[in-house]
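J.: These are the residues of each chain, in order.
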Amino acid sequence: MVSVCSPAEALAHVQPGDTVMVGGFGLVGQPLTLVAALLEADGARDLTIVSNNLGEPGRGLGRLLPARRVKKAIGSYFTSNREVVEAHLDGEIEVELLPQGTLGESIRAGGAGIGAFYVRTGAGTLLAEGREERVIDGERYLLQFPLRADVALIRAAKADRLGNLAYARTARNFNPDMATAAKIVIAEVDEIVEVGELPPEEVVTPHLFVDHLVRSEGAPA
Amino acid sequence: MSSSVSVAIAQRVAAHLRDGEVVNLGIGIPTLVADHLPDGVDVVLQTENGMLGVGPTPAEGEIDPNLVNAGKLPVSELPGASYFASSASFGMIRGAHVDTAILGALQLDGSGRIANWSIPGKPILGVGGAMDLLVGARRVIAATTHLAKDGTPKIVAEASFPLTADRPVDLIVTEHATFVVRDGGLALVEVADGTTVDWLREHTGASFAVALDGAEALR
Chain L
0 MVSVCSPAEA LAHVQPGDTV MVGGFGLVGQ PLTLVAALLE ADGARDLTIV SNNLGEPGRG
60 LGRLLPARRV KKAIGSYFTS NREVVEAHLD GEIEVELLPQ GTLGESIRAG GAGIGAFYVR
120 TGAGTLLAEG REERVIDGER YLLQFPLRAD VALIRAAKAD RLGNLAYART ARNFNPDMAT
180 AAKIVIAEVD EIVEVGELPP EEVVTPHLFV DHLVRSEGAP A
Chain G
0 MSSSVSVAIA QRVAAHLRDG EVVNLGIGIP TLVADHLPDG VDVVLQTENG MLGVGPTPAE
60 GEIDPNLVNA GKLPVSELPG ASYFASSASF GMIRGAHVDT AILGALQLDG SGRIANWSIP
120 GKPILGVGGA MDLLVGARRV IAATTHLAKD GTPKIVAEAS FPLTADRPVD LIVTEHATFV
180 VRDGGLALVE VADGTTVDWL REHTGASFAV ALDGAEALR
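Top line first, the protein sequences correspond to chains L and G. Just so we're aligned, residue 0 is where the first sequence starts under numbering that gives the first Met the number 0, counting upward by one. Just so we're aligned, residue 0 is where the second sequence starts under numbering that gives the first Met the number 0, counting upward by one.
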């Protein structure tokens, strides 16, 4: 059974130099209570963050940047936060840019025991530079390795006490795949119900992927 | 760009959509297309952040912060809608299950290839789903103003901006004209009222064939 704990207890698992996956498409589906607690966590230094974006200036994951907690960011769209652009130009953070679909599939592959895969996206573009290419059925594909993390911080709407998770509308996005791809998975939820109260067909993330539940202190997801 | 120009482009794009097809709308002008569909044409909207069956912008009191489109703007849910993870959404896109993607453009080259993700000399820090849509959607329509803000053509012989994919788009729609991409080049198939072929020759940086024989040209 998962442990239901405070944000600080959950984030004590984060060690300096860790790779941390954080769910969300922008701020939608981002675990904002956990991200706020990450700022207070002693171990949260020199982090590699895997997330579609790095929040917005001063909001969500964007708060980690001025606090200098991020060593590297892996995602698909950082231009929505000008502070990321500035930090990158100043040499403060390293950025690895992946097409959004390749990012999602790399996380899925990481959680599914896939060693690598070939994808057409990006072939023949600047993002293909230095990448292994292979022609399959006459089309160019790029070799892509999976992504895994030490800790995943995800956002769901509802959990039962086993850790089964259900999501709210488009707040689902990267969360279910991140739940499969990290050693420690911490889910921020609005509501925790008893086992049997979450209809099995509504469960999107089965409980075996989830380690800790934290009640959200923010707006419902 | 004036909103009337954006609407003119969106209307011209909408006229090329087919009833019942699954359409993914990019950010900017493409988002206007859904509001300008011709009578009798209904499309199903897919958004990359994990939804099929996207409905119109909700009234102020009905906004759900967990229900947004790719531009992170509030949308609504139509009957028959579904939600799915990002990996499944892009599986749909790369796997050719989306009929048409409508994308904005910074430049298009003479063979119809699009540049819409990066500006030379600026750090490359955002790509989003543009590359996935280009390799995967069954048909891609570029929806763009004919000229850049500085008055130079957006359709050029050779792109100076980094390309988004090897694959050309299928249709280029501006406020002045529509071009079909075929046989490795561009064919002019529609000219807007008040625009002439001569004006287009002067304000298009790539050569194009003229095929203004109506619906026949679009086949």
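Hints were generated in silico from the structure; no laboratory data involved. Positions of the beta carbon are idealized from the N, C-alpha and C atoms, including for glycine. Be aware that one or more of the hints could be misleading.
A short list of chain G residues far from chain L (calculated; beta carbon distances all over 12 Å) [stated by the list, open to error]:
id, residue
1, Thr46
2, Asn68
3, Ala87
4, Val126
5, Leu146
6, Arg166
As a list, the in silico SDA-like pairs of lysine to any residue whose alpha-carbon atoms are at most 20 Å apart [stated by the list, open to error]:
id, chain 1, residue 1, chain 2, residue 2
7, G, Lys121, L, Gly57
8, L, Lys157, G, Pro122
9, G, Lys121, L, Ala167
10, G, Lys121, L, Lys157
11, G, Lys121, L, Lys182
12, G, Lys71, L, Glu55
13, G, Lys121, L, Glu128
14, G, Lys121, L, Val94
15, L, Lys70, G, Pro122
16, G, Lys121, L, Val84
17, L, Lys182, L, Arg81
18, G, Lys71, L, Thr18
19, G, Lys71, L, Gly57
20, G, Lys121, L, Arg81
21, G, Lys121, L, Glu93
Among the chain G residues that face chain L by a calculated CB cut under 10 Å, a handful are [what the hints assert, rightly or not]:
id, residue
22, Ser3
23, Val6
24, Ala69
25, Phe83
26, Ser86
J.: Taking the hints in turn, state whether each one holds.
T.: Here is what the structure says about each hint:
1. Annotated as non-interface, Thr46 (chain G) brings its C-beta within 12 Å of a C-beta of chain L; the closest such distance is 7 Å.
2. Distance check for Asn68 (chain G) against chain L: the nearest CB is about 8 Å away, which does not clear 12 Å, and the non-interface claim fails.
3. Distance check for Ala87 (chain G) against chain L: the nearest CB is about 8 Å away, which does not clear 12 Å, and the non-interface claim fails.
4. Distance to chain L contradicts Val126 (chain G) as a non-interface residue, since its nearest Cβ pair spans about 5 Å, not more than 12 Å.
5. Even its closest Cβ contact with chain L, about 24 Å, leaves Leu146 (chain G) beyond 12 Å, as expected for a residue assigned away from the interface.
6. The beta carbon of Arg166 (chain G) is not kept farther than 12 Å from every beta carbon of chain L, the shortest such distance being approximately 9 Å.
7. In summary, the hint linking Lys121 (chain G) to Gly57 (chain L) is not supported, as the alpha carbons are separated by about 23 Å, beyond the 20 Å threshold.
8. With a CA separation close to 39 Å, the supplied pair Lys157 (chain L) and Pro122 (chain G) exceeds the 20 Å bound.
9. At roughly 36 Å between alpha-carbon atoms, Lys121 (chain G) and Ala167 (chain L) are farther apart than 20 Å, so this suggested pair is violated.
10. Of the supplied pair hints, the one linking Lys121 (chain G) and Lys157 (chain L) is violated, its CA atoms being roughly 42 Å apart against a limit of 20 Å.
11. Under the criterion of a C-alpha separation no larger than 20 Å, the hint pairing Lys121 (chain G) with Lys182 (chain L) is inconsistent with the structure, at around 36 Å.
12. For the given pair, Lys71 (chain G) sits about 12 Å from Glu55 (chain L) by alpha-carbon distance, which is consistent with the 20 Å threshold.
13. For the hint linking Lys121 (chain G) to Glu128 (chain L), the alpha-carbon distance of about 17 Å falls within 20 Å, and the restraint holds.
14. Restraint check: the Cα-Cα separation between Lys121 (chain G) and Val94 (chain L) comes to about 14 Å, which is no more than 20 Å; the hinted pair holds.
15. Between Lys70 (chain L) and Pro122 (chain G), the direct Cα distance comes to roughly 17 Å. Compliance with the 20 Å bound is thereby established for this hinted pair.
16. In summary, the hint linking Lys121 (chain G) to Val84 (chain L) is supported, as the alpha carbons are separated by about 9 Å, within the 20 Å threshold.
17. For the proposed pair Lys182 (chain L) and Arg81 (chain L), the alpha carbon gap of about 31 Å is over 20 Å, so the pair is violated.
18. For the proposed pair Lys71 (chain G) and Thr18 (chain L), the alpha carbon gap of about 26 Å is over 20 Å, so the pair is violated.
19. Straight-line distance between C-alpha atoms of Lys71 (chain G) and Gly57 (chain L) comes to about 17 Å, which keeps the hinted pair within the 20 Å bound.
20. Between Lys121 (chain G) and Arg81 (chain L), the direct Cα distance comes to roughly 12 Å. Compliance with the 20 Å bound is thereby established for this hinted pair.
21. Distance restraint check for Lys121 (chain G) and Glu93 (chain L): the Cα-Cα separation of roughly 15 Å lies within the 20 Å cut-off, and the hinted pair is therefore satisfied.
22. At about 28 Å, the closest approach between the beta carbon of Ser3 (chain G) and any beta carbon in chain L exceeds 10 Å, and the interface hint on this residue is violated.
23. Contact between Val6 (chain G) and chain L, as hinted, is not supported at the beta carbon level, the nearest pair being about 26 Å apart and thus beyond 10 Å.
24. Hint on Ala69 (chain G) holds. Least Cβ distance to chain L is approximately 8 Å, under the 10 Å limit.
25. Interface restraint check for Phe83 (chain G): the shortest CB-CB distance to chain L comes to about 7 Å, inside 10 Å, so the restraint holds.
26. Look at Ser86 (chain G): its Cβ gets to within about 4 Å of chain L, closer than 10 Å, so that hint holds up.
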